[in-house]
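Now for the letters of each chain:
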Amino acid sequence: MSAPAAASVGGATAPDPAAAVDMSVRLTAPAGTVDLAAGVLTASGCAAAGRELDPYLDLTTLGGVVTKTIMRGARSGRPTPRMAETPSGMLNSIGLQGPGIAHFLAHDLPWVAERGARAVVSVAGEDVEEFVDIARTLRAATSDDGPLGRPGTDGGVLAAVEVNISCPNVANRGLVFACDPGSAAEVVAAVRAATDPRVPVLAKLSPDVTDIVAIARSVLAAGADGLVMVNTLLGVAIDVDRGAPVLSRVTGGLSGPAIRPVAVRCVWQVTAAMRAGLLPTVPVVGVGGVRTGRDAAELVLAGASAVQVGTVTFGDPGAPARVRDELAAVVRHHGLGSLAGLVGRAHDAVRDGGHP
Amino acid sequence: MSAPAGVLPAARPAQVTAPVVVADRLGGYAHLVIADPVLAQALPGQFVAVAVGDRQSSMLLRRAFSVHRADPAAGTLEVVVAAHGAGTAWIAGRRAGDELDVVGPLGTRFVLPPAGGRVVLVGGGYGSAPFAWTAQAAVAAGVRVDAVVGAGDADRLCDVDGVRAVVGAAGGQVLVTTDDGSAGEPGRVTDALARLLEEPVPTTVAACGPMAMLAAVARTAAAAQERTGAPVDVQVAVEEAMACGIGICMTCVLPVRGADGATRMVRACTDGPVIDAAAVRWDCVGAHGASVPADAVGAPEGGAA
Ligand SMILES: Cc1cc2nc3c(=O)[nH]c(=O)nc-3n(C[C@H](O)[C@H](O)[C@H](O)COP(=O)(O)OP(=O)(O)OC[C@H]3O[C@@H](n4cnc5c(N)ncnc54)[C@H](O)[C@@H]3O)c2cc1C
Ligand SMILES: Cc1cc2nc3c(=O)[nH]c(=O)nc-3n(C[C@H](O)[C@H](O)[C@H](O)COP(=O)(O)O)c2cc1C
Ligand code: FES
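As given, the protein sequences belong to chains A and B, one line each in that order. The numbering of the first sequence is the numbering used here, which starts it at 1 and goes up by one. The numbering of the second sequence is the numbering used here, which starts it at 1001 and goes up by one.
Quick caveat, the hints were computed from the structure, so don't treat them as lab data. No experiment lies behind these values; they were computed from the predicted model shown. Glycine included, each C-beta is placed from N, C-alpha and C at the ideal position. One thing to keep in mind: the hints can contain errors.
Some but not every residue of chain B turned toward chain A, in silico, with C-beta under 10 Å [what the hints assert, rightly or not]:
#1 1014
#2 1049
#3 1057
#4 1059
#5 1085
#6 1264
#7 1270
#8 1290
#9 1292
#10 1297
Every beta carbon over 10 Å from chain A, so not counted as near; a handful from chain B, in silico [to be verified]:
#11 1025
#12 1035
#13 1099
#14 1142
#15 1173
#16 1186
#17 1201
#18 1240
My request is simple: use the sequences and hints to build the entire structure.
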């Protein structure tokens, strides 16, 4: 590795946007494929439904807007404080505040469609029925002759469904779906069955598990077309002056650059299992602590076909577009013409004898 | 300027890297003048969100500051900064010639009454930062202005001279209060406000300061309205902990009653910071955050206190 050149990539030097790098990514569904313009997307809960970011970047140049997780009804979320800044990160306990699926379909998704951008719609439920209900409602609203374009294809706003299984399963003693291979598989199978077969279904996994490969195996067996890794890690911050927890509900999800090594590890482990033939091979979307193109490249080199940019967008609303350009520069630095060429390369380096 | 500030359209916000052209003090606060043509279009009541440190900073979140003054002709925006925690200490330490990464102008603005109307400005601590400028806009629009400037102690009073220069020159009253009596009259801003509201004329109150003060201002205004029979419209610029300032994170919410009578947890950064005090569910707003009223839209069954 030539250190001096690498040091200029994704850092202070602006990448040359004219130099062509194919940044697109293809997702596959049981009855179709979806080509995203770029393998860089927003992350759920860190972009609302896209509209608020419009002044700061061109949403049509991203792979898509991953929406805040939508549930069936309106949800008020948790009391405040819901946020605590931590070193290179933050804790949040929003509690999935949102207007519900009907409002989302009437107001938010049409805006994304009108803007010419694409949406990956994140869905969740407190039980399997709620997941199914939302998936069905979404399918009905994005039918072929509807105003939102044909689902799954280049014409339509709906690029994929992301199943957020990081919420507690009320039917199962509040155990988080993503922490139990059985519940995780049940939800993913149900959403897959209720979703248009041309639309990929992605399962978003929690890093707060002992064996992420086991969870990945169960959701892939249940029909997930891709994996998104990772959601936030559970944490607590205490206000030392007050001698009390900062967050109203004590615990919150940790995100931001502080968690990047965990995200890279999860992508690495699951990709290694795929390469070893222990899991079916599907696209992995890396998320966790991406601040620069070099950060995104870590996830890609570990096996991610695409990345999402989350918390960093709060401080730098143009970040998703910047990360895309910086990531293109890393691809070019490696002498490659496409993002796809970079995927999983760090595994090859290990196989070929590790570090020079 | 003939139209009241409140009727001007808000500028589309932008993320800019802008130079600090003046860094000095305003009483106990740091005062920064930032040069940028987009930020300079801010209106009274709006805020900006300032990044801390450089791209490698471990403090990822922006800090919000109400706009002290914006001058579209000069292309400048000014903020007043209290060095409170690590982030504001860094921002307060900027010098002329340094650059800041700023997003703005953000949020809603004060809506002044039409010409011939009356506004009373109430600022607590650095909450009075926008009021010399707001008063200027009001005077220019033919609105009568009085003001209360208060703080815990003399050191935390903000821009009393600036407010006096504008309000006093226009014939209005400026009352100064401190909790400990170290300057002005001893007591709370609401004591002074109650006196200014004895006059039975329709009044707009524009208030900015800590949440507890805003709640007390709302109560004081409601009591005055009952006593005199003259309507008092209270607009408060709320200060909720904000992670993004642009409406994407949902951290800054507080319970507010909508036009339909239903309470929702609304975003202070995009639906505010200036909101109608009568719509805020003050019963659910405390010193360290807000609870979700049991009757709020989408509240968990049985409420989430
Ligand atoms: C609309 C608005 C206008 C403001 N105007 C001014 C102003 O004119 N002058 C001024 O000095 N300060 C102002 N503040 C408060 C200032 O933004 C906070 O003091 C600051 O965010 C706390 O940051 P810190 O680095 O000092 O503290 P830390 O404790 O290090 O802050 C950590 C994090 O918590 C958040 N946070 C904690 N407390 C608050 C709070 N009370 N309000 C908002 N965010 C908080 C911060 O955004 C930050 O992300 C304003 C805040 C808001 C929301
Ligand atoms: C304020 C906030 C809200 C979030 N809301 C959701 C959500 O609704 N659904 C979801 O799947 N993930 C949610 N996440 C997790 C992010 O999508 C992402 O997985 C995580 O933050 C790690 O990425 P990051 O470090 O780039 O932020 C949220 C994160 C934050 C910080
Ligand atoms: S601060 Fe992020 S939504 Fe208001």
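Going through the hints against the structure:
1. 1014: holds (7 Å)
2. 1049: OK, holds: residue 1049 of chain B within 10 Å of chain A, min 9 Å.
3. 1057: holds (8 Å)
4. 1059: Since chain A brings a Cβ to about 6 Å from residue 1059 of chain B, closer than 10 Å, the hint holds.
5. 1085: Since chain A brings a Cβ to about 9 Å from residue 1085 of chain B, closer than 10 Å, the hint holds.
6. 1264: holds (7 Å)
7. 1270: holds (7 Å)
8. 1290: Holds: closest Cβ of chain A sits about 5 Å from residue 1290 of chain B, inside 10 Å.
9. 1292: Holds: closest Cβ of chain A sits about 5 Å from residue 1292 of chain B, inside 10 Å.
10. 1297: holds (5 Å)
11. 1025: Holds: least Cβ distance 26 Å, greater than 10 Å.
12. 1035: Non-interface label stands for residue 1035 of chain B: nearest chain A Cβ at 20 Å, farther than 10 Å.
13. 1099: The claim stands: residue 1099 of chain B keeps its Cβ more than 10 Å from every Cβ of chain A (closest is about 14 Å).
14. 1142: holds (33 Å)
15. 1173: Consistent with the label, residue 1173 of chain B stays out of reach of chain A, its closest Cβ about 36 Å off (over 10 Å).
16. 1186: Per Cβ check, residue 1186 of chain B is outside 10 Å of chain A; nearest 27 Å; holds.
17. 1201: Non-interface label stands for residue 1201 of chain B: nearest chain A Cβ at 37 Å, farther than 10 Å.
18. 1240: It is violated; residue 1240 of chain B is separated from chain A by about 7 Å at its closest Cβ, not greater than 10 Å.
Going down the numbered hints, you'll see the structure goes against just number 18.
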